[in-house]
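A.B. asks: Place chain Y on chain R using the hints.
Top to bottom, those sequences are chains R and Y.
192 is the number that the numbering used here gives to position 160 of the first sequence; each next residue is one higher, with no gaps.
329 is the number that the numbering used here gives to position 252 of the second sequence; each next residue is one higher, with no gaps.
Don't read these hints as lab results, they were simulated from the structure.
Hints may be right or wrong, so weigh each one.
[Stated by the list, open to error] Pairs of lysine to aspartate or glutamate residues, derived as EDC-like cross-links and limited to a Cα-Cα distance of at most 16 Å, are as follows:
(1) R:Lys255 to Y:Asp386
(2) Y:Lys343 to Y:Asp308
(3) Y:Lys384 to R:Glu274
(4) Y:Lys384 to R:Glu210
[What the hints assert, rightly or not] Taking CB as the label site, the calculated pair distances span:
(5) R:Arg181 to Y:Gly369: 51 to 61 Å
(6) Y:Gly236 to R:Arg271: 43 to 53 Å
(7) R:Leu249 to Y:Leu391: 37 to 47 Å
(8) R:Phe92 to Y:Val171: 52 to 62 Å
For glycine and all other residues, C-beta sits at the position ideal for the given N, C-alpha and C.
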Amino acid sequence: MRLAERAGFRLEARSEISARGRIAAVAASLAAAIILCAILFLAVGVNPVAAFQSLIQGAFGTWRAATETLVKATPLIFTGLATAVAFRARLWNIGAEGQVFAGAMFAYWCQSALPGTSPFLQLSVIIVAAMIGGALYAGLAAILKISFRVDEVISTVMLNYIIVYALSLLLLKGPWSEAGGFFEQTAKVDPGSILPVLLGGTRLHLGFVVALVAAALAWIMIKRTPVGYEIRAAGSNLRALEVQGSDSRRVILMVLLISGALAGLAGMSEVYGVHYRLKAGAISTYGYTGIIVAILGQLNPLGVVIAAILFGALVNGATFMQIKTGVPSALIYAIEAIILLFYLAGWAASSFRLRRIRP
Amino acid sequence: MTSAIPRLVVRRLSKRFGALTANDDISLTINPGELHCLLGENGAGKSTFSACLYGLLQPDAGEIEIDGVPVELTSPARAIASGVGMVHQHFVLVPSFTVLENIVVGTGSDLRLDMAAARARILELSRGFGLELSPEHLVADLSVGEKQWVEIVKALYLGASLLILDEPTAVLTPQESERLFAVIAQLKAAGISVILITHKMNEVMRSDRVSVLRKGKLVGTVRTADVTRDDLTMMMVGRPVAQVRARAMEVRGDAALRIEGITLAKGDRTYLSGIDLELAAGEILGIAGVAGNGQDELLEAIAGLAKPDRGRILLLGEDLQGLSVHDIARRGVGYVPSDRFRDGLISEFTIAENLILGQQWDRRWRSGPFLDEAATVRRARDAIRDFSIMASGSEMVAGKLSGGNAQKIILAREFDKARHLLLCNQPTRGVDIGVIEFVHREILRKREEGSAILLVSEELEDIFALSDRIAVMFRGEIMGVFPGKSADIAKIGPLMAGHRAEAAA
Numbered sequence: 033m034r035l036a037e038r039a040g041f042r043l044e045a046r047s048e049i050s051a052r053g054r055i056a057a058v059a060a061s062l063a064a065a066i067i068l069c070a071i072l073f074l075a076v077g078v079n080p081v082a083a084f085q086s087l088i089q090g091a092f093g094t095w096r097a098a099t100e101t102l103v104k105a106t107p108l109i110f111t112g113l114a115t116a117v118a119f120r121a122r123l124w125n126i127g128a129e130g131q132v133f134a135g136a137m138f139a140y141w142c143q144s145a146l147p148g149t150s151p152f153l154q155l156s157v158i159i160v161a162a163m164i165g166g167a168l169y170a171g172l173a174a175i176l177k178i179s180f181r182v183d184e185v186i187s188t189v190m191l192n193y194i195i196v197y198a199l200s201l202l203l204l205k206g207p208w209s210e211a212g213g214f215f216e217q218t219a220k221v222d223p224g225s226i227l228p229v230l231l232g233g234t235r236l237h238l239g240f241v242v243a244l245v246a247a248a249l250a251w252i253m254i255k256r257t258p259v260g261y262e263i264r265a266a267g268s269n270l271r272a273l274e275v276q277g278s279d280s281r282r283v284i285l286m287v288l289l290i291s292g293a294l295a296g297l298a299g300m301s302e303v304y305g306v307h308y309r310l311k312a313g314a315i316s317t318y319g320y321t322g323i324i325v326a327i328l329g330q331l332n333p334l335g336v337v338i339a340a341i342l343f344g345a346l347v348n349g350a351t352f353m354q355i356k357t358g359v360p361s362a363l364i365y366a367i368e369a370i371i372l373l374f375y376l377a378g379w380a381a382s383s384f385r386l387r388r389i390r391p
Numbered sequence: 078m079t080s081a082i083p084r085l086v087v088r089r090l091s092k093r094f095g096a097l098t099a100n101d102d103i104s105l106t107i108n109p110g111e112l113h114c115l116l117g118e119n120g121a122g123k124s125t126f127s128a129c130l131y132g133l134l135q136p137d138a139g140e141i142e143i144d145g146v147p148v149e150l151t152s153p154a155r156a157i158a159s160g161v162g163m164v165h166q167h168f169v170l171v172p173s174f175t176v177l178e179n180i181v182v183g184t185g186s187d188l189r190l191d192m193a194a195a196r197a198r199i200l201e202l203s204r205g206f207g208l209e210l211s212p213e214h215l216v217a218d219l220s221v222g223e224k225q226w227v228e229i230v231k232a233l234y235l236g237a238s239l240l241i242l243d244e245p246t247a248v249l250t251p252q253e254s255e256r257l258f259a260v261i262a263q264l265k266a267a268g269i270s271v272i273l274i275t276h277k278m279n280e281v282m283r284s285d286r287v288s289v290l291r292k293g294k295l296v297g298t299v300r301t302a303d304v305t306r307d308d309l310t311m312m313m314v315g316r317p318v319a320q321v322r323a324r325a326m327e328v329r330g331d332a333a334l335r336i337e338g339i340t341l342a343k344g345d346r347t348y349l350s351g352i353d354l355e356l357a358a359g360e361i362l363g364i365a366g367v368a369g370n371g372q373d374e375l376l377e378a379i380a381g382l383a384k385p386d387r388g389r390i391l392l393l394g395e396d397l398q399g400l401s402v403h404d405i406a407r408r409g410v411g412y413v414p415s416d417r418f419r420d421g422l423i424s425e426f427t428i429a430e431n432l433i434l435g436q437q438w439d440r441r442w443r444s445g446p447f448l449d450e451a452a453t454v455r456r457a458r459d460a461i462r463d464f465s466i467m468a469s470g471s472e473m474v475a476g477k478l479s480g481g482n483a484q485k486i487i488l489a490r491e492f493d494k495a496r497h498l499l500l501c502n503q504p505t506r507g508v509d510i511g512v513i514e515f516v517h518r519e520i521l522r523k524r525e526e527g528s529a530i531l532l533v534s535e536e537l538e539d540i541f542a543l544s545d546r547i548a549v550m551f552r553g554e555i556m557g558v559f560p561g562k563s564a565d566i567a568k569i570g571p572l573m574a575g576h577r578a579e580a581a582a
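If we strip away everything but chain R, and leave its shape as in the complex, we get (with noise of 0.2 Å):
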C-alpha cells in the first residue's frame, strides 16, 4: 500500500465491478498462469511450447481425445456441484471424497445382488442408490453437526480416511474381494448394468449425460426453488433465516443430504461408466479437486460444468504431454494448483482498481 503511494497510485475498492473488467482481470491471471507454468515446463528443460502443444492436443486434439476429455470431466461435474451446493450455503463439506466411495461402494452393494436383471432396472438402481449412499454418509456428518455441534470440516475429513479403509477392508479380505484375484478390487460388475457408451468408438458414457442433468437440475434448484431459497439464505444469514421460522438444522441436514446424493454420483459413473469393477484407484481424489472446480466455477452449476471440463482436459491432455515431452505428470498437479491460485487473485483483484494520485 505505502510502497504504491509512494510511486503515486493508490489501491481502492470498486465500488460497482463491471463483468467485463472481471472477465479482463481473470483472462489476464490466466495468462500469468500460463506464463508461470512455462518457466516451470523451461525449469525441467522442457520447452513449453511443445509442452502446452501436446497438452491441448491430448486434451481436444482428436475427436477421441475430445470424448476422454469430457470421460475425466464427469466425475469432477458431480463432486464440483456437491461441492458447490454445500459451499453456497457456508457449510463446508470436504467430505465429497468420502461420499464419491459411498454411494459407490452402496450402488455396488444394491447392484450385486440384481445379476442377470434388465438394465432398465440395473441402472435405475445404482443411481438412486449411488444418491442414497453419498447422502446417509454425508448425513452424518449433518447430524453430529446438529447434535453434537461437530464443526463438519472436520467431521467430513474424517469420515473421507474411515471409509477409504472400510472400503479397502472389504475387498481385502472381505465378502467383496474378487475370487482368486490379487488386487483390492471386485469382480467385473453384471454387463447389464454398465452406463451404456453414448458413441461408438469412445468412452463417452451415459454418466455425462446424468451430469448434465444434475448440473441443470441444480441450477434450477439453487434459482427457483424454495430449497435454493434456503441454501442462498443459509450461506448469507443462517441465523435471520432461523429467527423467522425457518429451523436451521433441517436445513444443514438437507442441504448435507443434496451434496451427499451429488458426490454419491461420481461413485457410481465411475464404477459403471470407466472401470466396470469397484476398487479405490477408480473413485479416489474425485471429491477433492471437486472443491477446486467448485470454486473456479464460482459456486455456480454451469461454472462447476465449464471447469470441470478445464480439469478434464488437463488430465487427459497431461497424460499425452508426459508421453511426448517427458514431463513429469506431478507436475500437472502443480499447474492444477498454479491455475486456481491465479485465478482467485484475479477475482479479487477485479474488486479493486489502481488509481493515479499525485506523487
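C.D. replies: Same frame as chain R, now just chain Y:
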C-alpha cells in the same frame, strides 16, 4: 466573521457512485471558530461529503480551499497536512497501546520519535481544552467518552484547524455529551472550526450555522439563531413532520396475549423471572427499560425463539408451548427484531426475496415446486408502494438500502403476519425523523386493525407517543404498569433504575 479568510470553502462539489449521485453540486463556506452542523437524513450525503473533505473519497467535480489555499485532498495524509482532522463514529485506536502511543503512532516522518516532546505537547493540548487525559493510560482502560477525547487530541496533535465530528454523541451518555460540547466551545475559542454531523435536534440547535442536505443536494445553509427545529426538520425531510400521538381507543374483548409467570435463565444468569402480562386486542403495551433487562428475551420467548423454563404464554387462549417459531408466526404473530441486519434481513437477498423470508414454503409464493417469481415481485411492488420504500425496484439487494428503508421491509413483512399480535423491538432505532413518524403511524394503524402490540423501545418518545399502557422492566422483572396517559419520565425513570412502583395502577 468579518474580513477573515474562511477556514474552508467548498465549491460545486459532486460525487457519484454509479447511477447514484451522493453529493450534487455542493458549495459551502466554514469560518474560523465556527461550529457548523451538517444535518440530513441517512443517505442524504453527509458521510460522502465528510469523506471527501478527509481525503477518503475523491470528488468527481468541485474545488476545495482551506485557509484560502486550493487543495487536492487525495488521501487522509494530505487532508491532515492541510489541517483537516476527523473523529469517526467508530474509533480507530489500538486498545493495547497507551494514549501517548495511540496519538503518536504513524505520525513520525523521521525514523526517531521524540516521545518526551510528544508527551509534553499532548498534555498541553488536553489541558488547554479541558480534557483530563493521562498519556500513560492504556486505551483499553478508558471509557467511551475518554476514547473520543483521545481521537480529538490526536487530530489536534496533527495540527487540525478544521475538525469533523461524525455523530460524536451516538455512543455517549448525556453527561459525556455535555462535556463534549464544553470541549467544542473551547475549540471554537481557539479558532478551530468544527463540522458536526448529527441528526439530534437539540445538538443541532447549539451550532452557529446549519447546512441541510437532502438526497445529495444542499437544501440550504442557515444561521441557527434564525430558525426553529420545525424549520430544520422541514428542510431535512422536505415536508412538515407531524407528531403522531395515539388516540384514546376502547380496548375490546379478552386478552389476546396472556403471559403467566414465565421465567428464563441461561447458565447462571436469569433473564426473565416470573413475568405476568396481559394484552388485549387493539392495545399497545409499551415496555420501557434500559437495554439488556430482559426485553429481548421476553419477545424471543413469545416468538418461540427462546424456551422459557417455567410459565405459560397463551395466544387467544392457546398455549404456545412446544410450538416452533414457524407455527407461532402462522398463528398471526409478527416479530420485528431489534438488530435488523442480523435477525431480520438477508442483506444479499433482494427486497422481493426478503419479503418472503420464513415463508418460502408458503403456497402463496409457490407454483408447484418453484418459487412463484411473479407473485413475489408483485408482493414487493406493493410493499414498496405501501411503505414508501426508497429503492430502485423489487430486485434491489437489501444490503444496499439505508437503515430506514431496510426497516420498512421488515415492517411490511411482519405487519402482514401480525394478524393477532405484533412484537416490536426497537422499531425506530437508527432511522430518520421522517421514518420514525411513518413507523409510529403504521403501528397505530395496526392497532386500529385490532392487533395486540407489544412495543419495546429504548426511545421513551416511542413509548409515550404510542402506548395505551406502559410496563417498566428491570433485571427480568416487571417493576410496574401504568396507563399510558398518566405516565411520564418522573414516574418511569426510577423504575427503570430498579425502584419498585409503590402504587402501580
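A.B. asks: Next, verify each hint and record whether it holds.
C.D. replies: The hints, checked one at a time:
1. With a C-alpha separation of about 41 Å, the suggested pairing of Lys255 (chain R) with Asp386 (chain Y) is violated against the 16 Å cut-off.
2. Between Lys343 (chain Y) and Asp308 (chain Y) the CA atoms are separated by roughly 49 Å; this puts the pair beyond 16 Å, and the hint is violated.
3. The suggested pairing of Lys384 (chain Y) with Glu274 (chain R) holds, with an alpha-carbon distance near 15 Å, which does not exceed 16 Å.
4. Taken as a hint, the Lys384 (chain Y) and Glu210 (chain R) pair is broken in the structure, with Cα atoms around 57 Å apart against an allowance of 16 Å.
5. Between Arg181 (chain R) and Gly369 (chain Y) the CB atoms are about 26 Å apart, so this pair departs from the stated range of 51 to 61 Å.
6. Checking the proposed 43 to 53 Å range against Gly236 (chain Y) and Arg271 (chain R) shows it holds: the Cβ atoms sit about 45 Å from each other.
7. Between Leu249 (chain R) and Leu391 (chain Y) the CB atoms are about 45 Å apart, so this pair conforms to the stated range of 37 to 47 Å.
8. Between Phe92 (chain R) and Val171 (chain Y) the Cβ separation comes to about 56 Å, which falls inside the hinted range of 52 to 62 Å.
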